[in-house]
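J.: Sequence:
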Amino acid sequence: MELQNIQNSIYEVRGQKVMFDFDLALLYEVETRVLNQAVKRNIDIFPTDFMFQLSAKEWASMSSQIVMTYPIKRPKGALPLVFTEHGVTMLANVLKSKKARQTSIAIVRAFIALKQYAMSFSELTEKLKRLEAKNNKQYKDVIKAINYLLSKDKIQTDQHNRRRIGFVKDENP
41 MELQNIQNSI YEVRGQKVMF DFDLALLYEV ETRVLNQAVK RNIDIFPTDF MFQLSAKEWA
101 SMSSQIVMTY PIKRPKGALP LVFTEHGVTM LANVLKSKKA RQTSIAIVRA FIALKQYAMS
161 FSELTEKLKR LEAKNNKQYK DVIKAINYLL SKDKIQTDQH NRRRIGFVKD ENP
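Per the numbering used here, the sequence shown starts with residue 41, numbered consecutively.
Misleading hints may appear alongside valid ones.
[Claimed, not checked] Computed cross-link-like contacts, DSS-like style, restricted to lysine-lysine with a CA-CA straight-line distance of at most 27 Å: (1) K155 to K169; (2) K80 to K136; (3) K155 to K180; (4) K184 to K155.
[Claimed, not checked] Derived DEER-like restraints, expressed as beta-carbon distance ranges: (5) N133 to N48: 21 to 27 Å; (6) T129 to L168: 44 to 50 Å; (7) E42 to T129: 18 to 24 Å; (8) T129 to S101: 24 to 30 Å; (9) A153 to E69: 39 to 45 Å; (10) Q142 to Q77: 19 to 25 Å; (11) H126 to K180: 48 to 54 Å; (12) E211 to E166: 22 to 28 Å; (13) R141 to E172: 45 to 51 Å.
Just so you know, these hints were derived from the structure itself, not from any lab.
A virtual CB, placed ideally from N, CA and C, is assigned to each residue, including glycine.
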């Protein structure tokens, strides 16, 4: 089971990283209906922060973004269940097979890898902001001079009042 394939099956819905029931069924090598039946038999261990059903509007929006190669597995009227990282972990408890346990471990690792990537991305963004602020201070005079040269309504008196930059030639060698 390739980590990249699992990560490609993780989507963001309602501000949470989730996986669809049909993608999980593929990974667990069971039919979607079997997975959903197991969940319904054990609904008490799937609170709404572990699993929820998409609204018709969410599903319409998501299905237009997802290339559905297996539309037969999802009846048109049935809205998919989505599982958070914790919900995926609970699936191993209800499916009770060695494959389910191994798959859950791989999926949790994929969620962890995504979190680590997101953290490193936010750290990089913060470093870039600090670097930009530092460089903006250092090059403030240069930017001001460039802006002056680019302005259309230059006033001749400004030329005499501005601070000179550059080297001064020494007349006495």
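J.: All the hints need checking, so say for each whether the structure fits it.
T.: To see whether the hints hold, each was checked on the structure:
1. K155 to K169: 21 Å, holds
2. K80 to K136: 15 Å, holds
3. K155 to K180: 37 Å, violated
4. K184 to K155: 41 Å, violated
5. N133 to N48: 21 to 27 Å: 25 Å, holds
6. T129 to L168: 44 to 50 Å: Violated, at about 35 Å.
7. E42 to T129: 18 to 24 Å: 20 Å, holds
8. T129 to S101: 24 to 30 Å: With Cβ atoms ~27 Å apart, the hint holds.
9. A153 to E69: 39 to 45 Å: Roughly 22 Å apart at Cβ, these two residues miss the hinted range, so it is violated.
10. Q142 to Q77: 19 to 25 Å: Once the Cβ atoms are compared, 21 Å apart, the range 19 to 25 Å for Q77 and Q142 holds.
11. H126 to K180: 48 to 54 Å: 49 Å Cβ-Cβ, so the 48 to 54 Å window holds.
12. E211 to E166: 22 to 28 Å: 51 Å, violated
13. R141 to E172: 45 to 51 Å: Roughly 47 Å apart at Cβ, these two residues keep to the hinted range, so it holds.
In summary, the structure is inconsistent with hints 3, 4, 6, 9 and 12 from the numbered list given earlier, while agreeing with the others.
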